[in-house]
Amino acid sequence: MIIDTVLNRIEKEEKVLNKDVKVISIDSASEEKILKTKEEPKERVKRSIAKTISWRIVGTLDTVLISWLITGTLALAFSIGLVELVTKMVLYFFHERAWNNIKWGK
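Going by the working numbering, the sequence shown opens with residue 2, and the numbers climb by one from there.
If you're looking for bench data, these hints aren't it; they were derived computationally from the structure. No experiment lies behind these values; they were computed from the predicted model shown. Glycine included, each C-beta is placed from N, C-alpha and C at the ideal position. Hints are supplied without guarantee of correctness; some may be wrong.
Simulated crosslink set (BS3-like; lysine-lysine; CA at most 30 Å straight-line) [said to hold, decoys possible]: (1) 104 <-> 43; (2) 89 <-> 104; (3) 52 <-> 107.
FRET-style restraints, in silico, Cβ to Cβ [claimed, not checked]: (4) 80 <-> 103: 33 to 39 Å; (5) 58 <-> 95: 35 to 41 Å; (6) 60 <-> 102: 21 to 27 Å; (7) 74 <-> 47: 17 to 23 Å; (8) 47 <-> 67: 27 to 33 Å; (9) 105 <-> 76: 41 to 47 Å; (10) 70 <-> 48: 32 to 38 Å; (11) 70 <-> 103: 34 to 40 Å; (12) 48 <-> 104: 14 to 20 Å; (13) 66 <-> 102: 31 to 37 Å; (14) 70 <-> 101: 19 to 25 Å.
Working from the sequences, and respecting the hints, build out all of it.
Structure below.
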């Protein structure tokens with residue numbers, strides 16, 4: 002009975018906290034669980050910038066290649082790639098930062 006009461010209280014606390022909770026030990030005298038919350042650190046701006054740049058390199062190479070195959074002109078393909086590089090890098094950075102604030106799926 003005591004264990005059920007404690008477990009019910011802990012389940013309620015877990016729901017109130019709305020965080021991942023890990024049981025680290027159980028006090029045998031009171032049968033009370035000692036909890037530790039596990040919070041994922043938010044991604045830092047520098048990491049988002051590094052991911053933005055690396056992804057844009059891959060994406061721009063893809064765009065240049067496709068543009069070259071379609072147009073047959075390498076200069077035009079690089080022009081398209083340059084415009085795409087700048088605009089999509091800015092868009093991706095803000096998209097990444099917005100998703101960092103969404104708790105769903107973490």
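Quiz item: If you check the beta carbons of residue 47 and residue 67, does the distance land in 27 to 33 Å?
Solution: Holds, at about 31 Å.
Quiz item: Does the Cβ-Cβ separation between residue 66 and residue 102 fall within 31 to 37 Å?
Solution: The hint (31 to 37 Å, Cβ to Cβ) holds, given that residue 66 and residue 102 are roughly 34 Å apart.
Self-check item: Pairwise beta carbon distance, residue 48 to residue 104, judged against the given window 14 to 20 Å
Solution: Check passed, 18 Å falls within 14 to 20 Å.
Practice problem: Look at the Cβ atoms of residue 105 and residue 76 and judge whether their distance stays inside 41 to 47 Å. | Solution: holds, 44 Å
Practice problem: Hint says 21 to 27 Å; check whether the CB-CB distance for residue 60 and residue 102 agrees. | Solution: holds, 23 Å
Practice problem: Take a look at whether the Cβ-Cβ distance between residue 70 and residue 48 falls inside 32 to 38 Å. | Solution: holds, 34 Å
Quiz item: Lying within 33 to 39 Å: is that true of the beta-carbon distance residue 80 to residue 103?
Solution: holds, 35 Å
Quiz item: Taken at face value, is the distance from the CA of residue 107 to the CA of residue 52 at most 30 Å?
Solution: holds, 18 Å
Quiz item: Do the alpha carbons of residue 104 and residue 43 lie within 30 Å of each other, as the hint requires?
Solution: holds, 10 Å
Self-check item: Pairwise hint evaluation, residue 104 against residue 89, where the allowed Cα distance is 30 Å at most
Solution: holds, 24 Å
Exercise. For the range 34 to 40 Å, tell me whether the beta carbons of residue 70 and residue 103 fit it or not.
Key: Check passed, 37 Å falls within 34 to 40 Å.
Exercise. Note whether the CB distance of residue 74 and residue 47 lies within 17 to 23 Å or breaks it.
Key: Between residue 74 and residue 47, where Cβ atoms are some 37 Å apart, the hint is violated.
Hint compliance for this structure: hints 5, 7 and 14 are broken, all remaining hints hold.
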